[in-house]
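*Asks:* In terms of numbering that gives the first Met the number 0, the sequence shown has 266 at position 267, counting the first letter as 1, and numbering is strictly consecutive.
Warning: the hint list may mix true and false statements.
Each pair of labels, with its calculated beta carbon distance range [claimed, not checked]: (1) TYR47 x GLY69: 39 to 45 angstroms; (2) ASP236 x GLY69: 26 to 32 angstroms; (3) LYS92 x ASP171: 44 to 50 angstroms; (4) ASP74 x ASP162: 40 to 46 angstroms; (5) GLU76 x LYS161: 41 to 47 angstroms; (6) LYS138 x LEU271: 37 to 43 angstroms; (7) GLY188 x LYS92: 20 to 26 angstroms; (8) GLY48 x GLU201: 38 to 44 angstroms; (9) ASN50 x LYS138: 18 to 24 angstroms.
Source of the hints: derived by calculation from the structure; they are not laboratory data.
No residue lacks a Cβ here, since even glycine has one placed at the ideal position from N, Cα and C.
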Amino acid sequence: MIYDTIIIGRGPAGISCGVYLKRFNLNPLIIAYDNGALKDAHYIDNYYGVNHLRGNDLALAGIKQAEDLGVNMLDSEVVSVDMLDHFYVKTTKGDFEANSLFLAMGKKRNSLKIKTANLFDGHGVSYCAICDGFFFKNKRIGLVGAGPFMESEYNVLKHFSKDITIFTEGNDIKLDAKIVKDKITELKGEDKLKSVVAGDKEYELDGLFIALGTQSGMSLAYHMGLALDEKGFIKVDSNMKTNIDHIYAGGDVVGGLLQVSKAVRDGAVAALKIKEDLASF
0 MIYDTIIIGR
10 GPAGISCGVY
20 LKRFNLNPLI
30 IAYDNGALKD
40 AHYIDNYYGV
50 NHLRGNDLAL
60 AGIKQAEDLG
70 VNMLDSEVVS
80 VDMLDHFYVK
90 TTKGDFEANS
100 LFLAMGKKRN
110 SLKIKTANLF
120 DGHGVSYCAI
130 CDGFFFKNKR
140 IGLVGAGPFM
150 ESEYNVLKHF
160 SKDITIFTEG
170 NDIKLDAKIV
180 KDKITELKGE
190 DKLKSVVAGD
200 KEYELDGLFI
210 ALGTQSGMSL
220 AYHMGLALDE
230 KGFIKVDSNM
240 KTNIDHIYAG
250 GDVVGGLLQV
260 SKAVRDGAVA
270 ALKIKEDLAS
280 F
């Protein structure tokens, strides 16, 4: 069986594309091994029609919407993609074929290299200041990092709280803020983050933002010969088309505003172009 489109990624961009394609009476397959970065968001308050909904709940609602429409989904990881007369996608659960691809696998965020690193994701630990900074207004905030990404996150967070401690993991920085050079060795809490341990001290925090840089999940795109920009994101045109015919991309994997609204838009735009291009395939 040859699918019209294989969508790699099950976040807002991938689900949006799948929903639109299915409503166009096309046959997409969504392949993903998790629900993307949205599942780790604390609450979503800045998306149309959504009021204080946990990120994972919004992710699951989108997946259910696609499933109810009959969109095929596969819980698996893509190993490789071969391009001949059409696309051959090898996964850990078998091989699949399609006439087009939509890449929406997001980007891998760097976590702390400690045992409890992901224990409080979405429960006090965040990877996006513009997404979650509002929820920590006038609270005790920790920020981990030392490079340009950390500084950009700090510039967002300082508008929400004056009580910010920056943990630089041993690096020297020059910012007008409380600086701790010791590496964080433990995150503590029960149902949510309460404190972090760095060096021989424990710091009570309401929230911790990780800004250790972003490691784009681009190895697949690189091996496919897709053009990347200087930051490592996939280059696309206004229709979400890449430099290779019948390969499209959207969501965090193409950079720009890393928000649900933009990802949903990318998926919709890509689906419209895929429909148009497949008509002349």
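*Asks:* Against each hint, give a clear statement of whether it holds in the structure.
*Replies:* Each hint tested on the structure:
1. TYR47 x GLY69: 39 to 45 angstroms: Violated, at about 25 angstroms.
2. ASP236 x GLY69: 26 to 32 angstroms: For GLY69 against ASP236, whose Cβ atoms are near 30 angstroms apart, the range 26 to 32 angstroms holds.
3. LYS92 x ASP171: 44 to 50 angstroms: Cβ of LYS92 to Cβ of ASP171: about 47 angstroms, so the range 44 to 50 angstroms holds.
4. ASP74 x ASP162: 40 to 46 angstroms: Between ASP74 and ASP162, where Cβ atoms are some 41 angstroms apart, the hint holds.
5. GLU76 x LYS161: 41 to 47 angstroms: Holds, at about 43 angstroms.
6. LYS138 x LEU271: 37 to 43 angstroms: Distance hint for LYS138, LEU271 holds at roughly 42 angstroms.
7. GLY188 x LYS92: 20 to 26 angstroms: With Cβ atoms ~36 angstroms apart, the hint is violated.
8. GLY48 x GLU201: 38 to 44 angstroms: holds (41 angstroms)
9. ASN50 x LYS138: 18 to 24 angstroms: holds (21 angstroms)
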